[in-house]
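There are 2 protein chains.
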Amino acid sequence: MTDAAQAGETRVAVCQICPDVDDPGSTLQRTVDAIEDAAARGANVVVLPELSSSGYMFRDKAELRSLAQKRDGRAVTAWAGLAQRHDLVVVAGLAEDDGELFNSAVLIDAGELRAVYRKAHLWDSEKTVGFTPGDDEPPVIETAHGRIAVMICYDAEFPEWVRLPALAGADLLCVPANWPLYPRPAGERPGEIIRAQANAAVNRMFVAVADRAGTERGQQWTGGSVIIDADGYPVAGPTLGAPTTLLADLRLSAARDKHISAHNDVHADRRPELYRAWLP
Amino acid sequence: MTDAAQAGETRVAVCQICPDVDDPGSTLQRTVDAIEDAAARGANVVVLPELSSSGYMFRDKAELRSLAQKRDGRAVTAWAGLAQRHDLVVVAGLAEDDGELFNSAVLIDAGELRAVYRKAHLWDSEKTVGFTPGDDEPPVIETAHGRIAVMICYDAEFPEWVRLPALAGADLLCVPANWPLYPRPAGERPGEIIRAQANAAVNRMFVAVADRAGTERGQQWTGGSVIIDADGYPVAGPTLGAPTTLLADLRLSAARDKHISAHNDVHADRRPELYRAWLP
Numbered sequence: 089m090t091d092a093a094q095a096g097e098t099r100v101a102v103c104q105i106c107p108d109v110d111d112p113g114s115t116l117q118r119t120v121d122a123i124e125d126a127a128a129r130g131a132n133v134v135v136l137p138e139l140s141s142s143g144y145m146f147r148d149k150a151e152l153r154s155l156a157q158k159r160d161g162r163a164v165t166a167w168a169g170l171a172q173r174h175d176l177v178v179v180a181g182l183a184e185d186d187g188e189l190f191n192s193a194v195l196i197d198a199g200e201l202r203a204v205y206r207k208a209h210l211w212d213s214e215k216t217v218g219f220t221p222g223d224d225e226p227p228v229i230e231t232a233h234g235r236i237a238v239m240i241c242y243d244a245e246f247p248e249w250v251r252l253p254a255l256a257g258a259d260l261l262c263v264p265a266n267w268p269l270y271p272r273p274a275g276e277r278p279g280e281i282i283r284a285q286a287n288a289a290v291n292r293m294f295v296a297v298a299d300r301a302g303t304e305r306g307q308q309w310t311g312g313s314v315i316i317d318a319d320g321y322p323v324a325g326p327t328l329g330a331p332t333t334l335l336a337d338l339r340l341s342a343a344r345d346k347h348i349s350a351h352n353d354v355h356a357d358r359r360p361e362l363y364r365a366w367l368p
Numbered sequence: 089m090t091d092a093a094q095a096g097e098t099r100v101a102v103c104q105i106c107p108d109v110d111d112p113g114s115t116l117q118r119t120v121d122a123i124e125d126a127a128a129r130g131a132n133v134v135v136l137p138e139l140s141s142s143g144y145m146f147r148d149k150a151e152l153r154s155l156a157q158k159r160d161g162r163a164v165t166a167w168a169g170l171a172q173r174h175d176l177v178v179v180a181g182l183a184e185d186d187g188e189l190f191n192s193a194v195l196i197d198a199g200e201l202r203a204v205y206r207k208a209h210l211w212d213s214e215k216t217v218g219f220t221p222g223d224d225e226p227p228v229i230e231t232a233h234g235r236i237a238v239m240i241c242y243d244a245e246f247p248e249w250v251r252l253p254a255l256a257g258a259d260l261l262c263v264p265a266n267w268p269l270y271p272r273p274a275g276e277r278p279g280e281i282i283r284a285q286a287n288a289a290v291n292r293m294f295v296a297v298a299d300r301a302g303t304e305r306g307q308q309w310t311g312g313s314v315i316i317d318a319d320g321y322p323v324a325g326p327t328l329g330a331p332t333t334l335l336a337d338l339r340l341s342a343a344r345d346k347h348i349s350a351h352n353d354v355h356a357d358r359r360p361e362l363y364r365a366w367l368p
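Chains A and B are the protein sequences, given in the same order. Quick note, in this note's numbering, the first sequence goes up one by one and the last residue is 368. Quick note, in this note's numbering, the second sequence goes up one by one and the last residue is 368.
There may be inaccurate statements among the hints.
[Stated by the list, open to error] With a straight-line cut-off of 25 Å between C-alpha atoms, the simulated SDA-like cross-links for lysine to any residue are: (1) Lys215(B) <-> Lys158(A); (2) Lys215(B) <-> Arg358(A); (3) Lys158(A) <-> Leu255(A); (4) Lys215(A) <-> Lys149(B); (5) Lys215(B) <-> Tyr363(A); (6) Lys149(B) <-> Ala350(A); (7) Lys346(A) <-> Val217(B); (8) Lys215(B) <-> Lys215(A).
[Unchecked claim] Sample of chain A residues facing chain B (criterion: CB under 8 Å; computed from the structure): (9) Ala208; (10) Glu248; (11) Gly320.
[Said to hold, decoys possible] Derived list of chain B stretches under chain A, where covered just means 3 residues or more per stretch with a C-beta under 8 Å from a C-beta of chain A: (12) 271-283; (13) 319-329; (14) 352-362.
Bear in mind the hints are in silico, worked out from the structure with no lab data behind them. Being a predicted model, the structure only gives us computed values, none of them experimental. Glycine is no exception: its CB is placed at the ideal position from the N, C-alpha and C atoms.
Could you build the full structure based on these sequences and the hints that come with them?
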C-alpha cells in the first residue's frame, strides 16, 4: 500500500505536459515519463491532458487520422503496462480512431481498460477538423482507489453534464483538458478554473483537471491544471503555465456526504420536477 | 435619460444593507434610504437583499408571521412609490404572507409590481421556521432597462435552476441573498461568489447579487455583494463585510450574443437530449 492509501486517502497526480502534434514520438514518451514520475511519487491516480497521445492543433482531418490510434494501439498499450506495473489508475486523452474519429479519454485501472469516454461537447475547430461528438454519458468507474468519473475539457462547461456522474456517485471527476489561453482581468483566475470549482462545490465532488502546457503551432495554452476539493477550493495548483505535476492526497469518502448544513444536501435539495423546461 | 442609459448601458446598484429582525422600523427605512441613495447616483436597477423587509433570524413561525407582509403591504407600497418617482426597477426580498409564508422577491418596474418570485430551494432553518417553498420558475421580465430575472440566494446554487431564466432570455439575473459567513481558505473568495461567477459565464448573462451585511442574533453574514459581467468576472465588488452600495454600468445587450468562439455558443452547444437522466 502507498502512504496515502494507508491513511485512507488517494494520492492524485495531474500531469501538465506538452503534447506536440509535430513530434509524435516525444509526445508519447512524455506521457510515459509523466506516469513513471507520478508513480515514483506514490500516486494512485494519474491524470493526463486531453489528446495527450497526439497533440491538439491538427491541420486537417488527414493529419488527425494519421495521429489517431485504436483503443488497443500503442498509447493505450503503453499506459496499461505502466498502470499494471504500478497498480495505478490512469486517465488520459486519446485521439481515437474507430473508423470515425473521437476526442476520447481512457480510464485504465491496474492494466485493464475500464472505460473509453468520447467528448460530447466539441470545442471550436474540433467541429471542423473531423471529430465526431460522443453520445454516451460520462463513465463512473468503481476502482480500488475510489469511484472515478471522466469527461473532457469543454464538457465541464455544462453543469448539467457534470451532474450526471455526480448523481451516479462519482467521488472524483477527472478532466483531461486543453484550455486555450484567453485574456482575463488582472488578478483573476482563468474562468475554466472558476467553473471547475463551482462544479466541485455544487456536487460536493472532487475534481482533478489535467491541462496542458506550452505553445503548439502558435496556440498558447493556459496550463491551469488544478485539484479541487469537495468544498470547491484548490488543494493543488493552479500554477499556470509551465509543465508540472501536481499531487494531492484526497480523502475521497468525503464526497459521499452531500450535506452542507443541518437541513441541506446539495443533491437531495435539487427539485428535478421543476427542471423539465430544460428538455427539448 | 440617465447618463448610463444615454450610453446604451444600464446602471445597476446592489445595496448591501443590514436588515434586523429586532428592529422592523429601521429595517424598512434602510431599504428606503438605500433606494433613494442609489437613485441619486443614477441607478436604473436597484437590488436589495433577501428578506430585506424583515431580517432573517426568525425565532419561530409566529415571529416570522408577525414580520411577513402581503404583496400590497407597507414594504412593497414604499418600494413601488420610489420606483415610480425615480423611474427605477427595484428587486427586493420580502417575507410574504399569503396565508402560507414565502421567502419571496418582488420585481417592481416604475411603480408597477411586475413579478413576485418565491424561493424554490430553501436554506436550513427556512425549512423548519415555517416557509413554504415556491414551485414557479424564476420570472424573466422585459423592462425599459433590460430583460431581468430574479431568484433568491440558495436557488443560485443549482445551475439547472439558473439555466431556466438564462434560456428564457434574461440579460441580468438579480439575486437577493443572505449568505451566512463560513470559513474559507486564506486568499479565497467566498464559494457563493465563485458559483455566481460560473453561473454568469456558462450562460453569458450578467448577475447582480445583493447580499446583506452585519450580524443578526449571533449570525454573521458574508457581505459578498457583487456585480458580475457576462464573461463571469466581477465588475463591482466584492468588498466583503460592511454595508455598501455597489454600482456598475452594464451593456446588457452583450448577454444576447452567446458565442465564445467561432464555432461555440454556450446555449446552442447544450445537448439536452443527453441530459434526461436528470429527471425523476
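Here's how the hints hold up against the structure:
For a cut-off of 25 Å, the pair hint linking Lys215(B) to Lys158(A) is broken: about 53 Å separates their Cα positions. Of the supplied pair hints, the one linking Lys215(B) and Arg358(A) holds, its CA atoms being roughly 14 Å apart against a limit of 25 Å. For the proposed pair Lys158(A) and Leu255(A), the alpha carbon gap of about 31 Å is over 25 Å, so the pair is violated. The hinted pair formed by Lys215(A) and Lys149(B) fails the criterion: a straight-line CA distance of about 56 Å is larger than 25 Å.
Taken as a hint, the Lys215(B) and Tyr363(A) pair is honoured in the structure, with Cα atoms around 21 Å apart against an allowance of 25 Å. Under the criterion of a C-alpha separation no larger than 25 Å, the hint pairing Lys149(B) with Ala350(A) is consistent with the structure, at around 18 Å. Taking the CA atoms of Lys346(A) and Val217(B), the gap is about 22 Å. The hint holds against a cut of 25 Å. A distance of roughly 47 Å separates the Cα atoms of Lys215(B) and Lys215(A); the hinted pair therefore is violated under the 25 Å criterion.
Interface restraint check: Ala208(A) against chain B, minimum CB-CB distance 6 Å, threshold 8 Å, status holds. Interface hint at Glu248(A): satisfied, since its Cβ lies 5 Å from the closest Cβ of chain B, which is below the 8 Å cut-off. The restraint placing Gly320(A) at the interface with chain B holds, with a minimum CB-CB distance near 5 Å, inside the 8 Å limit. A stretch counts as covered by a chain when three or more of its residues have a beta carbon under 8 Å from one of that chain; for the segment 271-283 of chain B and chain A the count is 6, and the coverage holds.
Evaluation of the coverage hint for the segment 319-329 of chain B: fulfilled, as 3 residues show C-beta separations to chain A shorter than 8 Å, against a requirement of three. Coverage of a stretch by a chain is defined here by at least three residues with a beta carbon nearer than 8 Å to that chain's beta carbons; for the segment 352-362 of chain B and chain A the count is 8, and the condition holds.
Going through the hint list in order, the structure does not satisfy hints 1, 3, 4, 8.
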